[in-house]
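Visitor: Sequence:
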Amino acid sequence: MIRALGLALFAVVFVSPLGAQPSGADGDPGEPVRESKKEKNRPPRIPDGPFVPKRGMIQRPKGQFWAGPPDEGRFTQIVTLTLVPREQLQKRLEELPGYQELSEEQRARLVERIEQVREANRKHALEVAKEFQLQVPAGQEEEFVQMYWRERVAIDQGLREEMSSKRKKLEKESEERLLKRFPKSGAKP
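274 is the number that our numbering gives the last residue of the sequence shown; the numbers go up by one with no jumps.
Please keep in mind that the hints were generated in silico from the structure rather than gathered at the bench.
It is possible that part of the hints are untrue.
Said to hold, decoys possible - Keeping only pairs whose Cα atoms sit at most 27 Å apart, straight-line, the calculated DSS-like set for lysine-lysine is:
1. K251 with K269
2. K254 with K265
3. K176 with K208
4. K265 with K253
5. K253 with K269
6. K269 with K254
7. K269 with K257
8. K251 with K265
Given the structure is predicted, the values throughout are model-derived calculations rather than measurements.
Just need the whole structure built from these sequences, with the hints factored in.
Guide: Right, here's the structure in full:
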């Protein structure tokens, strides 16, 4: 009896849907079948993994300039420009190589970007003052911001010089170890 009940339940649940005819949303057999989301044609999925763009895939407007390599002291250059008083900024920019090659629109965008970085640096410096619980009077905020960023630039330059000399020393030691183990071609071991 239990076996017959199980067989009947199996037939109702699994077999009857197989024989059902497709129908529309209202169950009317004459209505066309609508595709469900799973049945829609979709482009093939691109597998996960490293994606290397092909030449010409990344487009940028003609004349758009990108920053140079990060190891050339870009941080120092940008912050130094934000420390220049607004009245002297144009003169300082004209001294930079490549500035003359920029269009008027690019020059305006560069000045605008320097102002944005200047404001962000100001906010950051004043947040640091609050974090260190320093008392910076309203009249001396600009002086504090200038001093804070000059200190940061000095730290960055000092670390860059220190790391450069350490890197040269370590590279020389590495080269000596490699030459010991693998002599130059043409030399006897």
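Visitor: Of all the hints given earlier, name the ones this structure violates by number, lowest first.
Guide: none
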